[in-house]
Every structure is written in C-alpha cells, then in structure tokens.
Amino acid sequence: MDTIKQISIFVENQPGKLAELTRLIADAGIDLRTLSLADTRDFGILRVIVNKPDETEKLLKENDWTYKTAEVIGVKVPDRPGGVAEVLEAINEAAVNVEYMYAFVNRIPGRADTVFRVDDIETTLKALRSKGIEILTPEEAYCI
Amino acid sequence: MAKYWHEDIETMSPEDMRKLQNERLVKQVHHVYENVPYYRDLMDKKGVKPDDIRSVDDLHKLPFLSKADLREAYPFGLLAKPLSDCVRIHSTSGTTGKRVVAFYTQHDIDLWEDCCARAITAAGGNEDDVVQIAYGYGLFTGGMGVHGGSHKVGCLTLPMSSGNTERQIQFMRDLGATILCCTPSYAAYLGESLHEMGLTPDDIKLKAGIFGAEPWTEEMRRSIEASLGIKAYDIFGLTEISGPGVAFECEEQSGMHINEDHFIPEIIDPETGEVLPEGTVGELVFTSITKEAFPLLRYRTRDLCVLSRKKCSCGRTLIKMAKPMGRSDDMMIIRGVNVFPSQIETVLIEQGYSPNYLIEVDRKNNTDTIDISVEMNPDQFSDKMKDVQDKEKALAAAMKTMLGINPKVHLVSPKTIARSEGKAVRVIDRRKLHD
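Chains as they are written, first to last, in the numbering used here: chain A, 177 to 320; chain H, 58 to 492.
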C-alpha cells in the first residue's frame with residue numbers, strides 16, 4: 177500500500193526539549209523530510225516524516241522518548257488555486273474524516289505535496305486515484 | 058515446615074495475651090518511671106503514679122509521647138538504661154523534621170529480630186530460602202532489622218542494601234533469591250527494570266516479597282506481584298518503637314498482625330486523645346512493654362488506621378491493623394479538603410497509569426492549586442492531540458471523584474519523574490503557610 181510511516185513524538189512543554197529531540201535525530205544522521213508541531217499549554221506532539229523511519233524508532237526507544245507511528249497518505253497536490261480543495265472534496269465525498277494534514281517541504285515545481293492523516297486509508301486512496309490525483313510512494317516521500 | 062516462628066505467642070488466646078500484657082506493662086511503667094526523668098515529669102504533671110497502672114485497662118491514664126517530645130529529649134532524654142548497656146542506635150530518616158535516635162540493648166535487638174523472623178516465617182520463609190535485602194542499611198532500621206530476622210530464621214541472607222539495580226537483578230538471578238525485602242516503590246522499580254532487561258518472572262526464583270517503610274496501595278501490590286511473579290506481604294514498623302516487624306502480614310493479606318506481646322496498640326481520636334473502640338479509624342498509638350533502652354509509652358505514631366480482632370484464617374490470634382490510610386503528616390489540606398497521596402495512587406492504577414507521580418501544591422491568589430504529573434506509558438500515547446487531551450481529562454475527572462477537588466493533571470514522558478531507591482518523594486508543597 178502506498179502509505180508513509182509517520183512518527184509522532186510526545187514533547188513536554190519545557191525550554192530546550194524540541195532542540196534536544198531534533199539534535200538527537202540529526203546526530204544519528206537522520207534527515208527530517210517534513211514535520212509538523214501540534215501544541216497545547218503543557219505538551220506538544222511533533223510529527224515527522226524521516227528518511228529512515230525504522231532507525232528513528234530505534235533511536236527514540238533507546239533514548240526513552242514516547243512516540244507512536246501511524247500510516248499517513250502523501251498526496252501530490254497540484255500547486256495551483258483549488259488544488260488542495262479538490263483533494264479534500266474527494267476525501268469528503270468518500271465520507272472519510274481528515275484528522276490533520278500538513279505540507280511537505282519540497283521543491284518540485286507544480287506540486288505542493290501534502291501529508292493527510294485519515295481514519296480510513298484504503299477508501300481515501302481509492303477515492304483519490306479515481307479522481308486522477310497522484311499519491312506519493314514511500315520511496316518518493318522518504319527521499320524527495 | 059514451620060508455619061509460625063513463635064507458635065505459642067502468635068496463636069495465644071486473647072485472655073492469655075491480656076494477662077501477659079498486664080504483667081509486662083506494670084513492670085515497664087515502673088522501669089520507665091524510675092529511669093526516665095522526662096517521662097516521670099509527664100506522669101507527675103498528670104498526677105499518675107506507677108502503682109495506678111495495674112493492667113492494660115489503666116493504659117489510658119498514662120500521658121502520650123509525640124515526635125515533639127522525642128525531639129525535645131534528643132539525644133539521651135528518653136534513654137532508660139546506661140549507655141554502657143546499649144549496643145546500637147538507629148535513627149529516623151528525618152523527612153519530617155529533626156532526626157530521632159533510638160537506643161537498643163542486646164535484648165532489644167533480639168526481640169526486634171524475633172519480630173522480623175515472625176514476619177519472614179509468615180511470608181513462607183524458612184532455612185531453605187535466600188533473602189535479598191534491598192532496604193537501606195545503616196542508621197535506617199529497614200535493612201538491619203530484616204537482616205537480623207533473616208539470620209534467625211536461618212535463611213541465606215544477601216545484604217544488598219538499596220541501589221545498584223543492575224547488580225540487584227544479577228544477584229537475584231545468579232544466587233536464586235526467593236524472598237525480596239525492600240520499599241514497595243523500589244520493588245516496583247525492580248520489576249520495571251527486570252522487564253526492561255528483557256527478563257520475565259520465569260527467569261528469577263522469587264516467590265515472596267516483604268515490603269514496607271512507606272505507604273502503598275492494594276493496586277500497587279497487585280502490580281508488583283504481577284511484575285515479579287511473587288506474593289507481596291506488607292510489613293509495618295517505626296524506629297521509635299523498634300523498626301520493621303512491629304506488625305506483619307500473613308497469607309490472608311488482609312491487614313497486619315501486631316506483635317502485641319511487645320507492643321500494645323491503641324486507636325485514639327487525634328483531636329481529643331480519647332481512646333476509640335475497635336473498628337474505628339483513628340491515630341495509632343503504641344506502648345512498648347518489653348524494650349529496655351528506649352521504652353516509649355503511649356507513643357503517637359501519626360498513622361491513621363483501624364484495628365481488628367476478627368478471626369484470621371492463618372490461625373494467628375494477634376490483633377490486626379489495617380494498612381495505614383496515611384500518616385497525618387502526609388495528609389494535605391487542599392481547599393479545605395483532606396487529601397492523601399495514596400488516594401491519588403489508587404486512581405492512577407485503576408486508570409491504567411504507572412504509580413510514578415508527583416504532586417505539586419501551591420497557593421495562587423489565595424486559592425490552593427494542585428498539579429499532578431503522571432507518567433504516560435507509550436501505549437497510552439497517540440499521534441492525535443484530542444486522544445491525549447481526552448486521557449488527561451478522564452484522569453482529572455476520576456481524580457475529582459476520588460478527592461472531591463479538581464486537580465490539574467499533566468501527562469509526562471516515562472522515566473521523567475525521579476525514581477527512588479528509598480522512600481519516594483511524592484509531594485512538593487510550595488505553600489508558605491508557616492514560617
């Protein structure tokens with residue numbers, strides 16, 4: 177299945193915590209492909225897509241970080257007005273909920289690749305493909 | 058295999074026990090009155106003479122001793138024997154103020170170790186057992202007391218002291234320890250560490266644990282029993298009275314038998330000092346009737362609990378005390394409500410959280426605030442913000458039901474709350490109510 181492994185890490189709201197976490201990942205030679213931070217007053221959840229998900233999991237576990245992996249969908253959203261709306265409409269028509277989404281940091285002309293976390297992956301993939309919307313393969317996502 | 062260490066005493070009829078206590082009490086009151094000027098003054102002030110105490114029924118006439126008296130009389134003021142007759146001292150951890158020192162003659166050490174031997178035997182221990190003692194050694198009574206009891210029973214004794222968790226587990230495996238003695242929080246930590254090292258209870262030979270020196274809950278007992286594959290027994294004691302073994306649990310696990318041939322318990326109203334009937338919750342008071350060097354009469358423990366003479370299936374007739382509901386020193390009054398850390402622990406375990414928590418109490422704009430940090434295990438985490446927030450809310454709601462006040466709950470990463478190898482620090486009170 178063309179899904180991407182996302183790693184979400186629990187980050188307590190303390191000075192230096194995010195720096196500590198990203199330094200840990202950097203020093204292991206792991207590249208962050210994209211990330212998103214959701215936060216409350218007490219804590220944040222850093223969601224990342226990395227080039228080496230399995231190594232990253234091992235690293236986090238060894239260093240006592242709390243994390244969870246989830247399968248997400250990378251969509252090659254057309255980089256023009258209405259591009260993301262079309263994708264969301266297609267998902268909505270399939271009666272699937274989007275939990276959250278965030279954009280990839282890539283530089284491919286004409287594309288605004290975006291990560292979608294949905295509650296029904298298979299239905300979403302089918303719906304998007306039927307509209308001719310292209311999906312990122314894991315290889316593309318990890319090594320853009 | 059012996060079921061009791063002192064069968065005659067442990068299964069004595071209540072009438073005979075009362076007779077024994079009467080004799081010993083009368084003798085002890087004379088000993089104290091003659092040798093401890095501090096207590097003689099207290100008795101004189103109350104107008105009580107040694108001859109007024111003819112049986113346990115007269116016990117209520119004697120004045121109380123409190124921790125404040127022990128501090129005032131520090132270091133030698135309550136000593137009832139010449140120092141040349143004493144062979145050892147022990148001291149309290151001093152967590153609630155100035156340290157208290159207690160003195161022991163060889164006779165005092167012997168009776169204390171006998172009490173611990175009763176506890177080890179009640180936990181199924183005999184000369185074939187290997188007892189790993191991970192209580193601190195030194196001034197603290199935990200290590201040395203159980204150590205002496207283990208020798209008496211004839212167990213192979215591993216005097217590990219606390220700390221160095223990896224070595225604890227290595228010795229536990231290599232030497233086939235069958236009984237573990239330590240604080241319940243350290244037992245929980247050892248269980249956690251065992252699993253982290255990729256081991257299961259099948260890799261060790263432990264069958265029982267004797268845990269005390271700090272409050273713990275039934276839920277914590279079940280979690281320790283599962284993680285180490287053992288039966289966990291409670292043990293109670295305090296340095297002022299001797300040390301661990303003042304009371305101990307049997308296989309029924311429903312309260313601790315008090316060694317009442319040495320220590321007479323009473324339950325009093327902490328406000329009025331009035332003696333309360335059996336079955337009523339109140340402050341536990343002990344009178345030591347056999348100790349020579351440091352014989353405290355009517356010592357107020359600050360532990361709140363309840364006594365019961367209900368028949369026990371183990372055959373012991375010694376009166377039982379319920380697990381203390383908290384020390385009155387531990388009790389926090391938050392927004393006018395009495396809160397015990399043990400209540401918070403109960404909620405955490407019921408809701409599937411680890412019993413590692415930190416309570417922070419403060420006062421902002423004349424209102425008390427209570428913040429509880431709780432370690433989340435990786436399975437409880439979710440990449441969805443709403444799931445994590447819902448968990449925090451559910452936990453706060455369960456806390457409110459239990460405590461009657463609304464705490465703020467903060468989920469934190471595993472292992473971020475400091476572990477203890479001795480008594481755990483669970484509460485930080487930043488309110489400056491007194492100087």
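Hints are computed from structural coordinates only; laboratory data are not their basis.
Errors might be hidden in some of the hints.
DSS-like cross-link-like pairs, simulated, lysine-lysine; straight-line CA separation at most 27 Å [to be verified]: (1) A:181 with H:421; (2) A:193 with H:441; (3) H:441 with A:244.
**Item:** Unsatisfied constraints (hint numbers, rising)
**Value:** Of the numbered hints, just 1 does not hold.
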